[in-house]
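Chains as they are written, first to last, in this note's numbering: chain A, 13 to 224; chain B, 13 to 224.
One or more of the hints may lead you astray.
Among the chain B residues that face chain A by a calculated CB cut under 8 Å, a handful are [claimed, not checked]:
#: 1; residue: Pro19
#: 2; residue: Ala41
#: 3; residue: Leu48
#: 4; residue: Leu49
#: 5; residue: Lys53
#: 6; residue: Leu66
#: 7; residue: Ser89
#: 8; residue: Ile91
#: 9; residue: Glu148
#: 10; residue: Asp150
#: 11; residue: Ile183
#: 12; residue: Ile186
#: 13; residue: Gly189
#: 14; residue: Ile192
Honestly, the hints are just simulated from the structure, not real lab data. Glycine included, every Cβ here is placed at the ideal spot set by N, Cα and C.
Number of protein chains: 2
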Amino acid sequence: MDFTQFPSKVFEAAVNQFATLPGIGKKTALRLTLFLLRQEKEEIHEFGNAFVNLADQIKYCKTCHNIADSDECEICSNIKRDKEIICVVENVQDVLAIESTQQYNGLYHVLGGLISPMDGIGPNDLNITSLIERIENDNIKEVIFALSATMEGDTTNFYIYRKLGSHKVKISIIARGVSIGNELEYTDEITLGRSIVNRTNFETTLPNNKNN
Amino acid sequence: MDFTQFPSKVFEAAVNQFATLPGIGKKTALRLTLFLLRQEKEEIHEFGNAFVNLADQIKYCKTCHNIADSDECEICSNIKRDKEIICVVENVQDVLAIESTQQYNGLYHVLGGLISPMDGIGPNDLNITSLIERIENDNIKEVIFALSATMEGDTTNFYIYRKLGSHKVKISIIARGVSIGNELEYTDEITLGRSIVNRTNFETTLPNNKNN
């Protein structure tokens with residue numbers, strides 16, 4: 013079906029806005045708008061206002077650049093977090109992903125992207141200077157690189173590593189290896205090769221191990 | 013991934029609003045919100061305001077109950093449409109679907125549902141009285157039933173048919189038969205049986221036929 017003409021301009025505007033979202037085509041946009049129209053007026057209001065408020069009120073943490081409701085995000089202001097470790101991630105989604113594992117209790121630093129000369133993204137487009145400043149001034153003991161295992165991720169890791177120069181801080185990188193649940197024969201050679209080189213003491217992988 | 017804690021309340025509210033939409037789970041809602049956050053503030057505003065405006069400004073045509081920007085929809089107010097034919101449909105989506113075929117130039121009447129005793133929907137919950145009034149007062153020559161080929165659709169058709177009683181108006185129903193492109197062996201028996209009983213003169217199906 014091709015809907016070129018809508019009987020209402022406000023209706024059309026709503027459909028078009030839905031269709032700007034990734035993975036939502038014109039037909040789904042229409043279905044979603046018709047769904048909204050079946051709701052109470054107050055609920056449609058609430059829906060729209062959630063995004064108006066998002067635009068007006070969202071802030072970014074002055075320290076780690078994570079999303080926040082004030083100048084400091086809930087992670088940076090949480091007194092229970094370990095303030096001596098910084099986990100370097102590409103974006104907010106990665107913060108949420110790592111938080112959901114419940115395996116990390118330190119702070120974050122959101123770069124806002126990765127160095128990618130092909131896309132015209134250089135170190136100055138990212139939050140790297142503020143990361144170096146934090147490491148130099150905030151008594152940081154360890155920096156964990158948690159960027160994508162791609163060329164851009166590796167380039168960014170290496171750039172930050174070089175920038176830190178002689179600064180005395182432990183630098184680690186999240187483990188790369190065979191994904192849990194994956195069959196060995198379908199794992200690519202580079203990952204498999206790395207997982208042999210960086211093999212782990214078996215005992216640390218056992219349940220109830222205090223190092224696990 | 014299970015994202016129970018978001019670092020921002022306005023962010024969380026936006027994610028939750030997306031997740032109220034049909035077919036959009038928590039993870040997609042998160043992805044869509046993060047996508048919006050990457051846009052300019054004005055664009056996020058525009059997105060939210062489209063729905064606030066939808067809630068505030070959408071109207072329903074006083075004549076046919078289609079969505080509209082004023083008291084009369086663009087179809088009812090279009091002088092080029094044939095004002096002597098009414099196509100009876102269940103909802104706004106069906107109006108759009110029939111419009112997109114570009115095969116119909118008359119008016120519509122949106123019932124707002126179908127008679128369904130199981131769901132507690134009776135004739136008085138639908139726009140049937142206003143339909144009868146239009147047929148009796150507006151010099152209507154033909155009424156086309158274009159409801160779903162279900163028990164509820166058939167019940168509603170029959171109810172309206174009985175309501176019209178002795179009123180002199182031609183009543184037709186959209187053709188039911190084998191869908192174009194469908195193979196015969198996969199067509200259900202009832203549809204196939206009907207399509208034999210209601211067979212069409214072959215010549216009318218030929219291209220360039222003036223009755224086509």
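Tested hints:
Look at proline 19 of chain B: its Cβ gets to within about 5 Å of chain A, closer than 8 Å, so that hint holds up. Among the interface hints, the one on alanine 41 of chain B is violated; its C-beta lies about 11 Å from the nearest C-beta in chain A, farther than the 8 Å criterion. The closest approach between the C-beta of leucine 48 of chain B and any C-beta of chain A is roughly 7 Å, which is under the 8 Å cut-off, so the hint is satisfied. The criterion of a C-beta within 8 Å of any C-beta in chain A is met by leucine 49 of chain B, whose closest approach is roughly 7 Å, and the hint holds.
At a threshold of 8 Å, the smallest CB-CB gap from lysine 53 of chain B to chain A is about 5 Å, leaving the interface hint in force. This hint holds: leucine 66 of chain B has a C-beta 4 Å from the nearest C-beta of chain A, less than the 8 Å allowed. A hinted interface residue such as serine 89 of chain B counts as satisfied when its beta carbon comes closer than 8 Å to some beta carbon of chain A; here the least separation is about 10 Å, so the hint is violated. Look at isoleucine 91 of chain B: its Cβ only gets to about 16 Å from chain A, farther than 8 Å, so that hint breaks.
A hinted interface residue such as glutamate 148 of chain B counts as satisfied when its beta carbon comes closer than 8 Å to some beta carbon of chain A; here the least separation is about 25 Å, so the hint is violated. Because the closest C-beta pair between aspartate 150 of chain B and chain A is about 19 Å apart, greater than 8 Å, the hint is violated. A hinted interface residue such as isoleucine 183 of chain B counts as satisfied when its beta carbon comes closer than 8 Å to some beta carbon of chain A; here the least separation is about 25 Å, so the hint is violated. At about 16 Å, the closest approach between the beta carbon of isoleucine 186 of chain B and any beta carbon in chain A exceeds 8 Å, and the interface hint on this residue is violated.
This hint is violated: glycine 189 of chain B has a C-beta 19 Å from the nearest C-beta of chain A, more than the 8 Å allowed. The closest approach between the C-beta of isoleucine 192 of chain B and any C-beta of chain A is roughly 14 Å, which is over the 8 Å cut-off, so the hint fails.
When each numbered hint is compared with the structure, violations occur for hints 2, 7, 8, 9, 10, 11, 12, 13, 14.
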